[in-house]
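Protein chains in written order, with the working numbering: chain A, 1 to 412; chain B, 1 to 412.
Keep in mind that the hints were calculated from the coordinates and are not lab data.
Some hints here could point you the wrong way.
[To be verified] Once the Cα atoms are required to be at most 30 Å apart in a straight line, the calculated DSS-like pairs of lysine-lysine come out as:
1) 24(A) to 49(B)
2) 49(A) to 24(B)
3) 189(A) to 210(A)
Here is what each chain is made of, one letter per residue.
2 protein chains.
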Amino acid sequence: MSILVMKFGGTSVANVDRIARAAKRVAVEVAKGHDVIVIVSAMAGETNKLVGFVQDTSPLYDAREYDAVTSSGENVTAGLMALRLQEMDIPARSWQGWQVPVMTTSAHGSARIEAIPTDNILRKFREGMKVAVVAGFQGISPEGRVTTLGRGGSDTTAVAFAAAFDAVRCDIYTDVDGVYTTDPRICEKARKLDRIAFEEMLELASLGAKVLQTRSVELAMRYKVKLRVLSSFEEQTDEAGTLVCDEEDIMESNAVAGVAYSRDEAKMTLTSVPDRPGIAAAIFGPLAEAGVNVDMIVQNISEHGRTDMTFSCPNDQVLRAEKALGEAKARGDIGFEELVTDQGVAKVSVVGIGMRSHAGVAAQMFKALAAENVNIKVITTSEIKISVLIDRKYMELAVQALHDAFGLEKAA
Amino acid sequence: MSILVMKFGGTSVANVDRIARAAKRVAVEVAKGHDVIVIVSAMAGETNKLVGFVQDTSPLYDAREYDAVTSSGENVTAGLMALRLQEMDIPARSWQGWQVPVMTTSAHGSARIEAIPTDNILRKFREGMKVAVVAGFQGISPEGRVTTLGRGGSDTTAVAFAAAFDAVRCDIYTDVDGVYTTDPRICEKARKLDRIAFEEMLELASLGAKVLQTRSVELAMRYKVKLRVLSSFEEQTDEAGTLVCDEEDIMESNAVAGVAYSRDEAKMTLTSVPDRPGIAAAIFGPLAEAGVNVDMIVQNISEHGRTDMTFSCPNDQVLRAEKALGEAKARGDIGFEELVTDQGVAKVSVVGIGMRSHAGVAAQMFKALAAENVNIKVITTSEIKISVLIDRKYMELAVQALHDAFGLEKAA
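Work the whole structure out from these sequences, hints included.
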């Protein structure tokens, strides 16, 4: 028995016609001899509508009830997909999260999958069922309440099922035909990648590429799930889309696999901070407590025992950050002269496992930006990623320049 | 601990504002010291939308998937109602059918409730919860699949909970302010009844009055649940609406409590049927198998060993009836000369437990119709009901004439 997991996102099941089209894709895989587990999202827009109801009803909502409400859209598409498959004479049935059961933590709104018992679905496969349709995004807590996995959580459901059932592959059907070297809306030379390494996909996902939920990539990497991203709107072959896979499965690669960007960043600088041990903890502790996601951090060289401390965070967390730092100053926990906020910045990053073996990627990046007169405000690096903070108005220019500089329009 | 069950129908929870209004009604009852079980329908229109999706996807749908899809609307309103109550500082949580669990038969699409374990919800009440919000219309089969109770099934959920928890009363909030002597849209003299006997309500519900699901009234009668129908759109007192109760709780009553009608009836006559034992079974057996709901049946006096057989059924079942009878004739199971179908008829009924003690109700009814020159085509009677089939064009006239003839505009 070879099990294939296929996941269809919200635009791929947006209405009855699209569900029929997705069912045809499933039928192709069934005809190849696979037993198929289909994971479905809610119809596009449905979850947003439900979230709106919750927020209108109770601004500070009980996350358990939020989950009970927002998980309902997936039940609809799961049932409809099973019906459509039956209509094509393919034995199929739907499962809601609690029926599998998809056992999760109690962290409502962003629960983690802890276990997926396989016996129930495997028995049905043995009895002749060809497709198990499972409502994505949802699970059940140890207390028996409905949980959800966070936005984009159906990707994680799909990968978790692929891992639990030891699937040959996990195909993520979406409205794009794969993972690109960068966003084609910004750079027309953007090229679809045939393969990308888990590590690269993970960086790209967390840097703002919206193709896959970050957690689903982590999970795929840990359990070695072959993950494929492809379009539900095109005829597909076994080679279509982008395969997210182990580094070893990629023959040759460019130094840089892709360019990512994040538009809504803010840069905040605390000037003239006393340069003493523990000052970083004194600043970033209160920020963490206030729920500010600090991203890049730079500390200037100290002069006369004082220094400047700069960090970036999402634009919509600036008010929260200012409040937390103001209160810390009032309490006397930290001393600084000024808090300078710049809400007109963007982050541009290059990502690639090839960086480990190719020297000079950073230098090449800075040179390309300098050639376009783009001023770099903050730099951070990791083993396979270099990010810079720049003025937002140069963002598209920077993405295009870097795409050219690293020759991403051509395969390695 | 005194438990009150309150049920809110689709128009009463049609949007976030109406849910807030319904929650205020619940708060009033909580303030009186009740522990409250709230049963909610889906937002008005939502279930129809889901049924449409199912029919578009699979005309001959698997009822198990139909149930999985159509039950989802109630989960949304249950969660939102719980959130709204929490927002008003009333401890509340939602239950989906499988969480209670509402245990039903496996008759998907029209399942019957078999048991409602109370320990789970009672424990929460003891722990300080004030309101349990339960998704109506749904349950769980012995196989662990989601079931639904048929259209209007949330009424039945409400009565079943009232019976299981020995509730002081079951209040059904809807878009009308009670049960009327007849449909106010047809007869402007229609009067709201303060009380009506279970038996009368049962007849009215099965004769076409859409206020309550028939099954919910049966259940209330069997378990002596005090059932009240009232409007969610008006300020309410303990005496508002209509109380559906035991005959003994009604002091005095008119001979006739109400006039019901059903517009979409058809009359079918088989002419010159051989009058032999077993002929009725030979005719109505195939009709039952074909799913035709035969209502009234009249057999003419026999002449020369042959007779005419007339029956009525819903208009949209005529084709099915014609097919079943044609096939039975072709098989030689029944012999008849002609099958005459009249799709232009309506049924008008008068209902009242007072008929048992008031003589001459039938005569009075026929006289009133004769005075308006309304020709009666078929008559059936029961202990507390008289129904006639008439030309549809006289239906409204007949309802008004009967309402006048039995003086229904005035209380007894």
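Pair hint residue 189(A) and residue 210(A), alpha-carbon separation not exceeding 30 Å: Holds, because 19 Å separates the two Cα atoms, which is no more than 30 Å.
Please work out if residue 49(A) and residue 24(B) have their alpha carbons no farther apart than 30 Å. 24 Å, holds
Sort out whether residue 49(B) lies within 30 Å of residue 24(A), counting only the CA atoms. It holds: about 24 Å lies between the C-alpha atoms, which stays within 30 Å.
Violation of the numbered hints given earlier is absent; every hint is satisfied by the structure.
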